[in-house]
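> Below are the chains, spelled out letter by letter.
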Amino acid sequence: METEFSGYQVQTEFFEGPLDLLLHLIRKNRMSIIEVRLSQITAEYLAYLKSKRGINPSRESEFLMTAATLIYIKSRSLLPKPENPEESPEKQLIHTLIEYEKIQKISKMLRDMEYTELLLWRRLEINENFANREYELKEVSAFQLAEIFFDIVKKKEYEQFLEIPSKNYSIAKKQEEILYLLETSGYIDFSEYVSRLDSIEEVVVSFFTLLEMIKRHMLIAVQEQLFGTISIFKNEAGKLDN
Amino acid sequence: MNPEEFNRHLALIEALLFVSKEPVEPGRIMEFLGISDIEEFEKILATMEKDLLLDRAERGLMLKRSGGGLQLVTKSGLHEELKQFFTVKQATKLTIASLETLSIIAYRQPATLTEISLMRGVNSSGPVKNLLQKKLVKITGRKQVPGLPALYATTPEFLIYFGLNDLSELPSLEELTELFEEKEQPSLFK
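Chains as they are written, first to last, in numbering that gives the first Met the number 0: chain A, 0 to 241; chain B, 0 to 189.
For the record, the hints were derived by calculation from the structure and aren't laboratory data.
Careful, some of the hints might be misleading.
[Stated by the list, open to error] Quick list of in silico lysine-lysine cross-link-like pairs, BS3-like style, CA-CA up to 30 Å: (1) K134/B / K20/B; (2) K214/A / K49/B; (3) K128/B / K233/A; (4) K20/B / K107/A; (5) K20/B / K233/A; (6) K27/A / K73/A; (7) K51/A / K27/A.
[As the list claims (entries may be wrong)] A few chain B positions that, by computed beta-carbon distances, are all more than 10 Å from chain A: (8) A14; (9) L32; (10) L52; (11) E99; (12) R119; (13) P148; (14) L150; (15) L175.
Predicted, not measured: the structure shown is a model, and the values here were computed from it.
Glycine is no exception: its CB is placed at the ideal position from the N, C-alpha and C atoms.
Build out the structure end to end from the sequences listed, making use of the hints.
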């Protein structure tokens with residue numbers, strides 16, 4: 000699992016989590032899960048944790064949690080046992096380990112199936128790999144849209160110079176306007192569109208109209224890249240509407 | 000069905016499958032061609048499979064049943080050359096974290112994030128998000144417990160991705176244990 004290169008170690012694999020490490024230790028010691036004495040492998044587990052060997056840094060807290068459980072089990076094993084052994088943390092942990100071992104087996108099987116399937120090419124893959132797509136269009140959620148909306152409202156706040164008596168904006172009218180825009184230009188660049196509007200009232204009405212239309216699957220909002228601009232398209236016959 | 004009609008059907012099915020991006024439901028083809036007898040339909044498929052594709056070394060395609068549909072796919076032995084020709088990098092495989100998460104969802108569906116995280120011993124929101132994005136799992140509802148956590152289940156894409164026709168084709172846990180015990184036994188005597 001580890002290779003040495005000019006003085007420093009390259010770790011190629013992490014244990015997926017504390018359960019993975021525990022199973023590894025049980026196998027290494029040639030124990031069976033059912034008969035395992037967890038107190039025996041606690042020391043080894045702690046040694047791994049100390050040296051950080053195979054410990055995924057972003058998962059360290061979960062490794063520590065299990066360490067605490069192991070130490071608790073060990074300390075209990077030193078005391079006389081008055082309680083019902085059914086509820087012991089040791090039993091619980093062993094049960095979790097047995098279940099986790101099954102998960103590992105299923106994962107292995109899925110990995111094999113994935114491998115077999117990846118050897119078979121389908122038309123879909125060729126299309127995906129060949130379409131000259133510069134970027135992947137990703138559908139965005141209403142929340143991302145809202146975030147941009149509030150950014151723009153903030154900008155607008157500084158821009159107001161004079162008060163103009165407010166027009167009456169209606170969602171129905173806005174909807175017509177948006178549909179007309181889409182007919183003529185094909186898509187709407189969300190930020191650009193909103194920044195062209197006259198007042199905060201109009202921005203708010205436009206935004207609600209857009210949300211409503213997206214909700215009704217009349218439109219679709221896509222983002223070309225993270226933090227990129229959001230474009231609005233007509234939802235062609237519910238293509239993405241599952 | 001006379002031989003002429005049989006051949007015509009055969010040709011049409013092959014053409015349909017060739018053009019289609021996704022697996023095509025057999026029922027749809029049968030309805031379209033006006034075939035009501037499933038055995039007759041299967042006979043056409045068997046002819047296609049044996050005489051035209053699978054058993055013929057000079058043919059590059061084979062008939063595949065996955066996700067409850069029929070699909071033409073390339074034969075597995077051609078993978079390396081195809082990769083070279085199309086200059087495609089190794090297809091990205093799922094990470095172990097994603098596979099584990101998917102295992103739990105597949106066998107326990109519908110499952111909540113908390114259940115998944117407990118079984119794996121680590122927080123699993125990352126892999127769940129990844130699987131949602133890949134459309135291998137979807138939210139099917141909310142569990143009626145405090146917090147109304149989302150319930151996750153596998154999708155038709157999951158079946159296609161792993162070459163399954165339906166979920167019942169996944170081996171049961173007992174079968175799985177036997178499967179791996181057979182494989183692992185010899186190593187004990189090394």
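> Each hint needs a verdict: does it hold in this structure or not?
For each hint, the structure was consulted:
1. K134/B / K20/B: 17 Å, holds
2. K214/A / K49/B: Violated, at roughly 49 Å.
3. K128/B / K233/A: Distance of about 27 Å is within 30 Å: holds.
4. K20/B / K107/A: 29 Å, holds
5. K20/B / K233/A: 24 Å, holds
6. K27/A / K73/A: At roughly 20 Å apart (the allowed maximum being 30 Å), K73/A and K27/A satisfy the hint.
7. K51/A / K27/A: 18 Å, holds
8. A14: The claim holds: A14/B sits with its nearest Cβ about 13 Å from chain A, beyond 10 Å.
9. L32: Holds, because the least Cβ-Cβ distance between L32/B and chain A comes to about 21 Å, which exceeds 10 Å.
10. L52: 13 Å, holds
11. E99: Contrary to the label, E99/B does not stay out of reach of chain A, its closest Cβ about 5 Å off (not over 10 Å).
12. R119: 6 Å, violated
13. P148: It holds; P148/B is separated from chain A by about 19 Å at its closest Cβ, greater than 10 Å.
14. L150: Holds: least Cβ distance 17 Å, greater than 10 Å.
15. L175: Its Cβ does come within 10 Å of chain A, the nearest being 6 Å, so this is violated.
Hints 2, 11, 12 and 15 from the list above are not met by this structure, while the remaining hints are.
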